[in-house]
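Chemist: Chains as they are written, first to last, in our numbering: chain A, 10 to 121; chain B, 337 to 452.
Careful, some of the hints might be misleading.
As the list claims (entries may be wrong) - Straight-line Cα separation of at most 30 Å, DSS-like style, residue types lysine-lysine; simulated pairs:
hint : chain 1 : residue 1 : chain 2 : residue 2
1    : B       : K414      : A       : K46
2    : B       : K347      : A       : K51
3    : B       : K414      : A       : K51
4    : A       : K46       : A       : K66
5    : A       : K66       : B       : K414
6    : A       : K31       : A       : K120
7    : A       : K46       : A       : K120
8    : B       : K398      : B       : K414
9    : B       : K398      : B       : K347
10   : A       : K46       : A       : K67
11   : A       : K77       : A       : K103
12   : A       : K51       : B       : K398
13   : A       : K66       : A       : K120
14   : A       : K67       : B       : K414
15   : A       : K77       : A       : K46
16   : A       : K51       : A       : K66
17   : A       : K120      : A       : K103
18   : A       : K80       : A       : K67
19   : B       : K347      : A       : K103
20   : A       : K77       : A       : K120
21   : A       : K31       : A       : K66
In short, the hints are calculated from the structure, not lab data.
None of these values were measured; they are calculated from a predicted model.
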Amino acid sequence: GENVEQHPSTLSVQEGDSAVIKCTYSDSASNYFPWYKQELGKRPQLIIDIRSNVGEKKDQRIAVTLNKTAKHFSLHITETQPEDSAVYFCAASKSNTGKLIFGQGTTLQVKP
Amino acid sequence: DARVTQTPRHKVTEMGQEVTMRCQPILGHNTVFWYRQTMMQGLELLAYFRNRAPLDDSGMPKDRFSAEMPDATLATLKIQPSEPRDSAVYFCASALGPGQGGYEQYFGPGTRLTVT
Numbered sequence: 010g011e012n013v014e015q016h017p018s019t020l021s022v023q024e025g026d027s028a029v030i031k032c033t034y035s036d037s038a039s040n041y042f043p044w045y046k047q048e049l050g051k052r053p054q055l056i057i058d059i060r061s062n063v064g065e066k067k068d069q070r071i072a073v074t075l076n077k078t079a080k081h082f083s084l085h086i087t088e089t090q091p092e093d094s095a096v097y098f099c100a101a102s103k104s105n106t107g108k109l110i111f112g113q114g115t116t117l118q119v120k121p
Numbered sequence: 337d338a339r340v341t342q343t344p345r346h347k348v349t350e351m352g353q354e355v356t357m358r359c360q361p362i363l364g365h366n367t368v369f370w371y372r373q374t375m376m377q378g379l380e381l382l383a384y385f386r387n388r389a390p391l392d393d394s395g396m397p398k399d400r401f402s403a404e405m406p407d408a409t410l411a412t413l414k415i416q417p418s419e420p421r422d423s424a425v426y427f428c429a430s431a432l433g434p435g436q437g438g439y440e441q442y443f444g445p446g447t448r449l450t451v452t
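Turn these sequences into a full structure, and let the hints guide you.
Modeler: Right, dumping it as C-alpha cells:
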C-alpha cells in the first residue's frame, strides 16, 4: 500500500545551523508533497508544499526539494531559530484523491 | 482569517459511552478529512468526504466509528461504544479539493479524547 518513510525521527541542532529532514514515498503516482509543522498541543500547520512538476521551492529560510525518479523529497531549514523547534511531518498525495499519507514525524530541537 | 473549527476541544468519558465530535470546515471547502493522532501510530486518516459524500472510510473501525456530513458546514465523527484504545487527538481538516486545484489541507485545533 501507500507508504511514506521519514528520517530522522529526532534532530537536534544548534541555533543558526541548518536542518534537513528526508522522506521517501512508495506510490509513483503521488504528485503533491506538503510539509506540516506541529508545535506541542497545537494543530499541524502547512509550512510549504511542492507539486511534482517542480524540483525545488523556497520560502525565506525554508526550502523543499523533490526527486521524482528516486521518490525522495526533503525539507531544508537554514539559520535555525529556537522557534523552529517542533515536530515536522511530510506527506504525499495523488491529485485524484487528495488524501494525505503522512510520514511518522521528526522532532526538531534547536538549541540556543 | 478563515479556520477550521472543532468541538469539543477536550472530552473525558467512560468506556462504553458515546462520543460525538464536530467539525466546521472552512467556508467554501468541499473536502473534509478526519485524522487520528497517537504517539504510536502518528497521523492516521480515518475517513474523508467530498461534496458531503463519503469517499473513503477504510481507516475507520466500522463496528464502532461512524462519520457523516449532515450539511456542507458540519462534519461529525461518532464513536459508540468508546474504548480506552480510542484515546487520541482527533483532527478534522478541510480543502478545496483536487478538482479545483485545492490540494492544501488546513487542520482544525483537534479534539483530545480520553476514555477511562
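Chemist: Would you mind marking each hint as holding or not holding in the structure?
Modeler: Against the structure, the hints:
no.: 1; hint: B:K414 - A:K46; verdict: 27 Å, holds
no.: 2; hint: B:K347 - A:K51; verdict: 16 Å, holds
no.: 3; hint: B:K414 - A:K51; verdict: 22 Å, holds
no.: 4; hint: A:K46 - A:K66; verdict: 17 Å, holds
no.: 5; hint: A:K66 - B:K414; verdict: 39 Å, violated
no.: 6; hint: A:K31 - A:K120; verdict: 21 Å, holds
no.: 7; hint: A:K46 - A:K120; verdict: 18 Å, holds
no.: 8; hint: B:K398 - B:K414; verdict: 11 Å, holds
no.: 9; hint: B:K398 - B:K347; verdict: 21 Å, holds
no.: 10; hint: A:K46 - A:K67; verdict: 16 Å, holds
no.: 11; hint: A:K77 - A:K103; verdict: 13 Å, holds
no.: 12; hint: A:K51 - B:K398; verdict: 28 Å, holds
no.: 13; hint: A:K66 - A:K120; verdict: 26 Å, holds
no.: 14; hint: A:K67 - B:K414; verdict: 40 Å, violated
no.: 15; hint: A:K77 - A:K46; verdict: 23 Å, holds
no.: 16; hint: A:K51 - A:K66; verdict: 26 Å, holds
no.: 17; hint: A:K120 - A:K103; verdict: 37 Å, violated
no.: 18; hint: A:K80 - A:K67; verdict: 19 Å, holds
no.: 19; hint: B:K347 - A:K103; verdict: 34 Å, violated
no.: 20; hint: A:K77 - A:K120; verdict: 33 Å, violated
no.: 21; hint: A:K31 - A:K66; verdict: 15 Å, holds
Consistency with the previously given hints fails for numbers 5, 14, 17, 19, 20, ordered from lowest to highest.
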